[in-house]
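Colleague: Residue numbers (the numbering used here), protein chains in the order written: chain A, 1 to 387; chain B, 388 to 524.
The hints are simulated quantities; they were obtained by calculation from the structure and are not laboratory data. Note that CB positions come from ideal geometry on N, CA and C, so glycine has one too. A few of these clues could be false.
Below, a list of computed lysine-lysine pairs in the DSS-like style, where the Cα atoms sit at most 27 Å apart [what the hints assert, rightly or not]:
id : chain 1 : residue 1 : chain 2 : residue 2
1  : A       : K321      : A       : K309
2  : B       : K498      : A       : K309
3  : B       : K468      : B       : K415
4  : A       : K253      : B       : K420
5  : A       : K304      : A       : K158
6  : A       : K17       : A       : K229
7  : B       : K413      : B       : K451
8  : B       : K498      : B       : K420
9  : A       : K17       : A       : K158
10 : A       : K91       : A       : K42
11 : B       : K415      : A       : K253
12 : A       : K304      : B       : K451
13 : A       : K253      : B       : K451
14 : A       : K321      : A       : K304
15 : A       : K253      : A       : K229
16 : A       : K229      : A       : K42
17 : A       : K309      : A       : K182
18 : A       : K74       : A       : K42
19 : B       : K498      : A       : K253
20 : B       : K413      : A       : K158
21 : B       : K468      : B       : K420
Here are a few chain A residues that face chain B, going by a calculated C-beta distance under 10 Å [unchecked claim]:
id : residue
22 : A145
23 : E154
24 : N242
25 : T248
26 : I255
27 : E306
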Amino acid sequence: MRRMAAIIGCGAVQVGKYPDRLESELALDAVRMALLDAGIEKGQAEGIFTTPDLRGGIGLQANLLCEYLRITPKSMAEMTCGAVAAGLTVKTAVNEIMLGQIDVAVCYGAERECSIEWFKHFGSALFEPVALQPYASYGIIWAYAMSARRYMHETGAKEEHFAMAAVRNRRNARHSPVAAFKAPIAIEDVLESRNLCSPIKLLDSSASLDGAAAVVVASAEFARRVCPKPVYIMGWGQYHDNSCIIPTDRCDKSISSFVATREAAAAAFRVAGINPEDVDVAEVYAPFSPHELIIPEDIGWFEKGEMVKAIETGETEIGGKIPVNTDGGLLSRGHPWAVTPFYQTINVVRQLRGEAGENQVPDARIGLVHCEGGMMNNVFVLILGSE
Amino acid sequence: MSKVDFAWPASRHTPSGREFWAGLKKRKLLANKCQLCGEMFFPPRLCCPACLGDRLEWFELSGKGTLYSWTEVFFAGPEFKTPFLLGLVDLAEGVGRIASRIAGAEAGELKIGMPVRFTFVDAGEDFTIYCVTPDTG
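Just chain A, with the same shape it has in the complex (with noise of 0.2 Å):
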């Protein structure tokens, strides 16, 4: 797959709230952003897909784009697959790419007002398994805060490192162009905000909020044709682990390591060919603070628990060992949680142009995605390398 395509347009309209626009014009927006950011014409875009559109959708809100945009893809989808699905339009674009069916694609996710009230009220009768415990809480922040507490207990951990990812995550917002919160927070501000599940305090937690994003996705032989500095795709993994949410069907199953992550990076890794270590700059999914400190154990820079100390010496922070959510993380871009693996990425392309401005990784040349589906059961890895 080395090389073999390239991310060669982005487009993203700060997330927020945008409560007088349609997902269809936010979603319009980002691909003309997108577009002209790539420096083509609309109808080059032979392949759309996009992810679903949960208020009621009905999968016909590509074929509306198309309508609005005027043009006639061959090849074209929505897809769903929890969070992961952004990164499956990404894989699909690449395959149709490599078999030749398309040269471009436009991959694109909008997602307004739907998450806070969806999030409240899902999970108890949505899955078999935790449709056995209608007692016991609605939403899914109790089934992270076990993680982060099981965590805890494992490699001693407190809540300050916890904290201190959060504003990690808010100082490196300030700088960018589509995070929602900018304003500066100190620890004790994480400490002292609402508790919601304990150890999970309000400030440990990403906010549901508005976006839409794009990314054109070319084959390698286009974007050098059209593009000064194409963003290549050298690998992805996938993986699930087979649980949900909460892994209730046996009792060896970690929840303060992730199998999914460790199985997905590796996989990514084998197929770009490169070490974890390579890699100059990673975006990773972490809706709450504890899993910045898991996940980059699970993908192979630190050993479980020794992120503990290298969130205190910054070993995360641009400058240190692997700079992660250089713009600020879930937590602090706000999280379309569909879209948000499009920002991940976006993000990443920035840092691999040189880009990224005051949050710029000095020659910044190989990136990873990470994005999961579940409670990190279903994780997917995409590599991106510059020339």
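Once you have looked at the hints, place chain B on chain A.
Modeller: Quick look at chain B alone, frame taken from chain A:
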């Protein structure tokens, strides 16, 4: 814990869970065993996760387990009075892990790895829920 005001009408029970809920009314925590390959599993399903056979029987769990993790919930759905304690419990038989309310303990008393036992509390609409409580005996 005395009677709890919480409704979970039978219409919302999944097919694989009906027997489980019926068991709770009789103060029994039930799990499945596959008649074909002998696999014991929890939570209940309509077929065996090992061999996919659909001839299943029910057996009663000991109702004992170990606290694997826990959280104090301050933010939940509108039906829930917060705060309350939730535990993740490894069933003693080793067949699975279950999320459960914790009754009869404060957050400060909870320790990962502590033994717990299941108790049963009647709730609204002829419905019984399970809780865990520290097992001091």
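Colleague: Next, verify each hint and record whether it holds.
Modeller: Structure-based check of each hint:
no. : hint              : result
1   : A:K321 <-> A:K309 : holds (13 Å)
2   : B:K498 <-> A:K309 : holds (24 Å)
3   : B:K468 <-> B:K415 : holds (26 Å)
4   : A:K253 <-> B:K420 : holds (21 Å)
5   : A:K304 <-> A:K158 : holds (15 Å)
6   : A:K17 <-> A:K229  : violated (32 Å)
7   : B:K413 <-> B:K451 : holds (17 Å)
8   : B:K498 <-> B:K420 : violated (31 Å)
9   : A:K17 <-> A:K158  : violated (33 Å)
10  : A:K91 <-> A:K42   : holds (21 Å)
11  : B:K415 <-> A:K253 : holds (26 Å)
12  : A:K304 <-> B:K451 : violated (30 Å)
13  : A:K253 <-> B:K451 : holds (19 Å)
14  : A:K321 <-> A:K304 : holds (16 Å)
15  : A:K253 <-> A:K229 : violated (43 Å)
16  : A:K229 <-> A:K42  : holds (20 Å)
17  : A:K309 <-> A:K182 : holds (26 Å)
18  : A:K74 <-> A:K42   : holds (13 Å)
19  : B:K498 <-> A:K253 : holds (19 Å)
20  : B:K413 <-> A:K158 : violated (42 Å)
21  : B:K468 <-> B:K420 : violated (36 Å)
22  : A145              : holds (4 Å)
23  : E154              : holds (9 Å)
24  : N242              : holds (9 Å)
25  : T248              : holds (5 Å)
26  : I255              : holds (7 Å)
27  : E306              : violated (21 Å)
Checked against the numbered hints given earlier, this structure breaks hints 6, 8, 9, 12, 15, 20, 21 and 27; the rest are met.
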